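Taken in order, the sequence shown gives residues 588 to 1045; the numbers are from the numbering used here.
In case anyone wonders, no lab produced these hints; they're calculated from the structure.
It is possible that some hints are incorrect.
Pairwise CB distance ranges, derived in the manner of DEER restraints [stated by the list, open to error]:
1) ARG673 to GLU836: 20 to 30 Å
2) ASN1008 to GLY956: 52 to 62 Å
3) GLN856 to SER804: 41 to 51 Å
4) GLN1010 to VAL672: 51 to 61 Å
5) LYS994 to GLU836: 54 to 64 Å
6) ASN1008 to ARG946: 36 to 46 Å
7) ASP959 to SER872: 21 to 31 Å
8) LYS784 to GLY956: 47 to 57 Å
9) SER985 to GLU836: 52 to 62 Å
10) TYR993 to ASN801: 37 to 47 Å
11) TYR969 to ALA834: 25 to 35 Å
Please read all numbers here as calculations on a predicted model, not as lab measurements.
Glycine residues also receive a C-beta, built at the ideal position from the N, C-alpha and C atoms.
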Amino acid sequence: MWVLAIGGFLALVLYVGAVNYNFMGWFGRMPNLRTLENPKSELASEVYSADGVLLGKYFRENRTPADYKDLPQNLVDALVATEDVRFEQHSGIDFKSIMRAVAGLGRSGGGSTLTQQVAKVLFKTRPGEASNLNDGLFNGEGKLGLLITKTKEWLLAIRLERNYTKREILRMYLNTVDYGSNAFGINTAAKTFFNKKPKDLTTAESATLVGIVNAPSRFSPALHPVRSKRRRNWVLQQMNKYGYLPAAELAQDTAKAIVLHYSVESPTQGLAPYFRTEVAKYLQSWAKDTDHDLYSDGLKIYTTLDSRMQLYAEKAVAEHLALQQKWFSAQWKGQQPWRDENGKVIPNFLVNSMRRTQRYKSLMNHYEGNKDSVNYYLRHKYRMPVFTWQGEKEMLMSPMDSLDYYKRYLRAGFMAVNPLNGQVKAWVGGPNFKFFKFDHVRQGKRQPGSTFKPIVYT
C-alpha cells in the first residue's frame, strides 16, 4: 500500500514537473518570469485634444484599466461572494472547492479560483486560443487536454499568488474579463451599461456586472433583462449568504429594476472622427518602426486639435448643410440632379457609380461574374439604417435605392489651421462619419484657385 502511495506521489511530481518544464515539447511552453511579472492585456489607445479633452479611442478590445482604489467595496464583495468565497484563505488553488466539485457537491462551476481565472484569461490557456501554452503535442480537446490545461492554470495561479497581492489579483481580474457588448474590464463595462465610473456603482449595479462575467451574452442586461435580473439577484443572495449584505438591503436591491444607460462604444464615436482616422494612418506607419501596436498598447496620443473649435466646426457644418439640403431637395424633387456641363442628365449614372464600388466588385467575385445574380441582389429590398438630418432611421431599400438616396445628399469639408505654425485646430471631413466615409478635407479635390485662397487670406 505504501509502495503504491509513494509511486503515485512520485508520478504526480514527475507529471507536474513535465508540464511545468514542457518535457520534450509535449505540453506547451509556460510563461517565463518576465512575462509573469508583466502580464499584458490589450488596452485601448486614447486620443486627446490640445486642451486635454478625450476625442476617442483606437482598440480591438475596448479596455481602460482601473486602479484598485477606484473599485467600490460592493463590487469586490459581490465578486468574491460569487466566484471565490475562500479567496483570502487559499494560495491560488482551493483544494476544498476542487474536492467539492469533483464529488458533485457544489452547485457552481468546477472549483476554479479567481486567481486561476486570471491565469486563464491573461495567458490564454484554453485550446484554440493563440498562445505558446497550447503548442504542445498533447494539448487539445478531450480529457487529457483538459487535465493539462487545468494543471497549467494551477501552476500559474500559484506563481501569480507569489508575485502579486490579493488586491492586485482582484484588480487584474476586474480589468481583464469580458463583459460583452465590446466592453473589456470594469471601467468600460460600467460606462457601457450604466454610464458611470466604477466607484459610483450601486450594490445592485455591481451585482449586475459581476453576474454578467460568467456568460456575457446569456446574462447581458441589454439583451436578456429578465434573465440578467435573476442572475443579479442570485449574486445579491450570495453576498447576503456570506455576510457582505444585510437582509434589509438584500430585500431592497432584489426588488429594484435594472435601469440601464446602455451605449456600446465604437472607435468612430467622439469628436473629430475624420481627423482621428487620418491620425491613425500616420500612427500605424509610426508603430511599425517603433514596435508598438496602436490598437492594444494603451497609448496616450496628444494632438493639436482644439475641442472647442472642433465642436463649433461640426455644429456649423451640420446646421448649414441641413439648410442647404432642404433647399436642394425642394428644387430637385422628382428629378435627377446628376447633370453634365450642359445641364443634361448623365445616362446610366447610378449603374456606372455602383460598378465602381468595392461592393459591386465583391459581388461579381462572389457570384463568379453572373450579372443577373448581382443585379438581383442589388435590387432586392430590405430594411437598413440610413442617415437623415433628423437622426438615423430604418427604411426599406435596395442597395441601388440606397445609392440613389445618398447621391442626392450634399457634402462639405471644413478645416481650421493656425497660420503661424501649421497646427490643425479643427477638421470636419463630411456630414456624418458612419454613413459618409469619404473625407472632403483629405480626399476631396479642389481647383487651384480655391486651394490658393487660404494662402491669400492669411
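These are the hints, each one checked on the structure:
A hinted range of 20 to 30 Å holds for the C-beta pair ARG673 and GLU836, which are about 23 Å apart. Between ASN1008 and GLY956 the C-beta distance comes to about 53 Å, which sits within the given range of 52 to 62 Å. Checking the proposed 41 to 51 Å range against GLN856 and SER804 shows it is violated: the Cβ atoms sit about 22 Å from each other. At about 56 Å, the CB distance of GLN1010 to VAL672 agrees with the hint of 51 to 61 Å.
At about 59 Å, the CB distance of LYS994 to GLU836 agrees with the hint of 54 to 64 Å. A beta carbon spacing of about 41 Å between ASN1008 and ARG946 agrees with the range 36 to 46 Å that was offered as a hint. Against the hinted window of 21 to 31 Å, the Cβ-Cβ separation of ASP959 and SER872 comes to about 43 Å, which falls outside the hint. The beta-carbon spacing between LYS784 and GLY956, approximately 55 Å, falls within the hinted interval of 47 to 57 Å.
A hinted range of 52 to 62 Å holds for the C-beta pair SER985 and GLU836, which are about 56 Å apart. In this structure, TYR993 and ASN801 meet the distance hint of 37 to 47 Å, their C-beta atoms being roughly 43 Å apart. Distance hint for TYR969 and ALA834: a CB-CB separation of about 53 Å, inconsistent with the stated range 25 to 35 Å.
When each numbered hint is compared with the structure, violations occur for hints 3, 7 and 11.
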